[in-house]
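J.: Read off the chains here:
There are 2 protein chains.
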Amino acid sequence: MTKINRELAIVLVSGGMDSCVTAAIAHQYYDLAFLHVSYGQRTQQRELKAFDDIADYYSVEKRLTASITYLKEIGGSSLTDGRIAVSESSPDEINPAQGIPTSYVPFRNTHLLSIAVSWAEISGAGKIFIGAVEEDSSGYPDCREEYYQAFNNLVEMGTKPETKIQIITPLIHMKKSEIVLKGIDLKAPLHLTWSCYKNANKACGVCDSCLLRLRGFREAGVDDPIEYTRYNS
Amino acid sequence: MTKINRELAIVLVSGGMDSCVTAAIAHQYYDLAFLHVSYGQRTQQRELKAFDDIADYYSVEKRLTASITYLKEIGGSSLTDGRIAVSESSPDEINPAQGIPTSYVPFRNTHLLSIAVSWAEISGAGKIFIGAVEEDSSGYPDCREEYYQAFNNLVEMGTKPETKIQIITPLIHMKKSEIVLKGIDLKAPLHLTWSCYKNANKACGVCDSCLLRLRGFREAGVDDPIEYTRYNS
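Here the protein sequences line up with chains A and B, keeping their order.
Residue numbers for the first sequence follow my numbering, so the first one is 4 and each next one is one higher.
Residue numbers for the second sequence follow my numbering, so the first one is 4 and each next one is one higher.
None of these hints come from the bench; they were simulated from the model.
Just so you know, not all the hints are guaranteed correct.
Treat identical chains as interchangeable: a pair holds within one or across any two.
As the list claims (entries may be wrong) - With a Cα cut of at most 30 Å, we get these calculated BS3-like pairs of lysine-lysine:
| id | residue 1 | residue 2 |
| --- | --- | --- |
| 1 | K167 | K75 |
| 2 | K163 | K178 |
| 3 | K163 | K130 |
| 4 | K130 | K65 |
| 5 | K65 | K190 |
| 6 | K52 | K75 |
| 7 | K130 | K190 |
| 8 | K75 | K205 |
Can you make the complete structure from the sequences, with help from the hints?
T.: Set out below in structure tokens:
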């Protein structure tokens, strides 16, 4: 595939399946720069390995890993605060993410996107891709399409007049199973991804994130290529 | 002054005159929490001293200092990038901040406000005060009132439904001289503040920030209580 004169796009890559498929989508049309943000989450090191593995897969040279550990100091989320238990659900539950889960980090995506916008303004990237999913993440206020519309409006107001930066959320209305199929269709390296909120070796298979992922593969009729500790399909 | 049952407000305190006067305004009606953000700016340590001095003056116990040094890594501003010279102007220039100055940090205020919002959501603060000034900082896209309207809209979209957090910009339409007079009226500790972009001992008196401050005092007909290296009024 020729890459000459393609526009630069920043992709927010947590290392999970959604961000991997988002990168695969962006890769079709743009040169890529990858951004990972550590905010004191428990599985930080494992996420970073997945980030690098996916970046290597797509030969992405421009990589930025930013640390916003003050979110850990602020606390309030099970992802960053060791005193709050990670929600566990059983695989039979249809909707593990009812209400706002304990893993909610207040206003988190605004921090992530702000870093991407600052980097975009300096590097000349015109697009920022983020793998937010409205339906499966209905508990998170900052995963809804109207939030991204509000953020795009803020970018327009808060950057130089000549700057044109747009946030793109290609997965926002997709179901997890559709994301799985899209990833397979685009040959996204799903085997390199990491979604678990809890462990750092094998995925736990019981946290909200593992459950959503497993349900997505099950509904897609496809085997998840990663290993789990407590789940056997 | 009684402080019983007053609502909590977070004040973004850089340590400069504007944030000090903003704190003085908020102090009239709210219990205060102070937030300082270090983003690799040259005068970081001096700012932190001013932050603590002003917090001590108002007996503020809730203090958070957050570090977002990734902005330094992203670069592009003279405030964080040692390779870009800080703009110097002469005191006779009427409008030192023409165009977007080299000290512009792309999308900076969004980072600062996002931290404040996350902290507010956890701590239960309903108001966030920031000393942005539209006229004197006309070169910064994120110092204009419409930017703050867009940000308030984003907060509404990106936080829990029951969360009500509002950004307040009491200085947004004030001139620097009016800010000086307001500070004196409210007995704000202007002698403890630090505005200079360049030095860390005596203020330089020639950077954009010093010039705006000095002009404000001059127009207010009041002596600036801090010392300068190169300016003698």
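J.: Which constraints among the numbered hints does this structure fail? Numbers only, ascending.
T.: Every hint satisfied by this model.
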